[in-house]
Amino acid sequence: MLANLYFNIPVLLLAESGHGEKPNPLAFPVDLGIWTLIIFLGVLAILTKFAWKPIMEALDARERSISDDIDAAAKAKEEAETNARQYEEKLANANDEAAAVMAEARQDAAAAKERILAEANEEAVRTRDRAMADIEAAKNAAVQQLAESSANSAVELAGSIVGRSLEKADHSKLIEESLKRFGS
Amino acid sequence: MLLTEEEKKKDHDHEHKDGADHDDAHAVKSDSQHDDHDGHEAHAVEAPKDPSEYDLADGKEAFLNQTHLFHHVQDSYAFEVPKFLCKKNEDEIVENATVGVPNLSLFLPKGYGKTSKFMFLEVIAALILCGLFIWLAGKMNKGDKPKGKFWNLLEAFVVFVRDEIAKPNIGHDYKRFLPFLLTLFFFILALNLLGMVPFLGSATGALPVTAALALCVFAVVAGSGIQKMGFAGFLKAQVPHMDLPFNLDKVMIPLMFAIEIFGFLVKHAVLAIRLFANMLAGHLVLAIFVGFIGVVSVSTSLSLVVTPASVLASIAFSLLELFVAFLQAYVFTFLASLFIGSAQHAH
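First to last, the protein sequences are chains P and U. Note that my numbering has the first sequence beginning at 314, numbered continuously upward. Note that my numbering has the second sequence beginning at 91, numbered continuously upward.
Treat each hint with caution, since some may be false.
Distance condition first, Cα-Cα at most 25 Å in a straight line; then the derived PhoX-like pairs of lysine-lysine [claimed, not checked]:
1) K229/U <-> K362/P
2) K357/U <-> K257/U
3) K362/P <-> K265/U
4) K366/P <-> K357/U
5) K366/P <-> K232/U
6) K366/P <-> K235/U
7) K237/U <-> K362/P
8) K362/P <-> K232/U
9) K362/P <-> K357/U
10) K232/U <-> K265/U
11) K237/U <-> K366/P
With beta-carbon atoms standing in for the labels, derived distance ranges [unchecked claim]:
12) D373/P <-> G353/U: 35 to 41 Å
13) S380/P <-> N242/U: 18 to 24 Å
14) W225/U <-> A340/P: 34 to 40 Å
15) A393/P <-> K265/U: 36 to 42 Å
Just so you know, these hints were derived from the structure itself, not from any lab. Glycine included, each C-beta is placed from N, C-alpha and C at the ideal position.
Given only the sequences and the hints, what does the whole structure look like? Please build it.
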């Protein structure tokens, strides 16, 4: 049974159908060709105008912008690197500067301290000297006053004792003599 | 596509036989494969008889005869449709389930330009292409970022044609030919892919279609060459420069010229034939593999072996055809750009 079928397969492959014309794969219906030509040229015209040109332009524009972006990015990176280097340098400088400023400030502070202390000392010494001088002067004045008043009272006392009033010139002379005595 | 159709057809043929032979006494439900495909075949199929009882050489029964096979791959004036669409009641036998092609040549006088299946499919392909690429152009013109699978897919193809086909073959002047090459590529691709859609057909499997496209290529190649070098210059450029002793060049150059011109014509003709033959052969192979199912349907045991094998083979060949659809569109466009490129530069 199966063998029968197998033997039949070549027959099937070669079989001519009773109905319909023989198939011809190389048949060339010209109207299909002309139709294809018209459709293809129509599609070509429409797509060229409304699709391919805008698409190509958009692709070119995008590619240009991508390439520009890449260039810009490279440039920006370079700039950033330069900036970073500069900032690092600046930062290092700033540290040094800060240290210098600190040292100077400390030095200034020390100097100021020295100066203030010296001034204060000086002032103190001067004040003490002035006070000493004042005291001396006051003491001298007081001594003189005491000497004068004691001379006067001694003269008066002596006058009253001797009962005579001395002339003015005598008076002065006497005082001077007394002072000399007193002083010696 | 072909599978279901063939299966259905086969089933109907079986029903037909059941009825014709009046041999329905023994309800042996043997053909299990039929259940998978057709629910409506409720009544029993009789046990297979000796195949010799069937007239296997009859065109109606022979799934592998030329008429039947070519019927599936050639142009016609009707679309085949699933048979159940034409079935009014269960017992009705539908020999040919077809829907006529709508007549598109309304502007032509009656009797001229009857629209065939392939013509209709070309119009469909044209509409799809216009829709797709005008949509894409609109999207791209807005300057948006390329977003979405479909947009990127189409763009990838466009860029492929530009960078892999046009640029390397034509050189610096490639931009002028880009619209032509892009249209060529996508038109062929669309027609090839429509051939993979069930119940449609592959218009590129018809010689007039590929010949018309090759004619366009020929026109562009010759036109651009003549534009570049002048008519005489273009013809002269076909003959390579030779240093010949004596007066040999008086003989050789005309000979070479004849050969080169002949070659020039032949390579464009081959362009048409290559695409046509590839598409036709691919679809024929598919039809044959599916046809095996019909041939062995007279025998249950044979069917059990052959049907799954045929289904697997037709799946594999469908995948191959899908690849070929892209490949042939690429090859055609590639060769077209190669010819354009060689016409731009002297030998």
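Each hint, compared with the structure:
1. K229/U <-> K362/P: With a Cα-Cα distance of about 15 Å, the restraint between K229/U and K362/P holds, given a limit of 25 Å.
2. K357/U <-> K257/U: OK: K357/U and K257/U at ~21 Å, within 25 Å.
3. K362/P <-> K265/U: With Cα atoms ~14 Å apart, K362/P and K265/U stay inside 25 Å; holds.
4. K366/P <-> K357/U: violated (30 Å)
5. K366/P <-> K232/U: holds (14 Å)
6. K366/P <-> K235/U: holds (18 Å)
7. K237/U <-> K362/P: Status holds; Cα separation ~24 Å.
8. K362/P <-> K232/U: holds (17 Å)
9. K362/P <-> K357/U: Since the Cα atoms of K362/P and K357/U sit roughly 30 Å apart, the hinted pair is violated (cutoff 25 Å).
10. K232/U <-> K265/U: Since the Cα atoms of K232/U and K265/U sit roughly 22 Å apart, the hinted pair holds (cutoff 25 Å).
11. K237/U <-> K366/P: Holds, because 20 Å separates the two Cα atoms, which is no more than 25 Å.
12. D373/P <-> G353/U: 35 to 41 Å: For G353/U against D373/P, whose Cβ atoms are near 37 Å apart, the range 35 to 41 Å holds.
13. S380/P <-> N242/U: 18 to 24 Å: holds (20 Å)
14. W225/U <-> A340/P: 34 to 40 Å: holds (37 Å)
15. A393/P <-> K265/U: 36 to 42 Å: With a Cβ separation near 38 Å, A393/P and K265/U satisfy 36 to 42 Å, so the hint holds.
Hint compliance for this structure: hints 4 and 9 are broken, all remaining hints hold.
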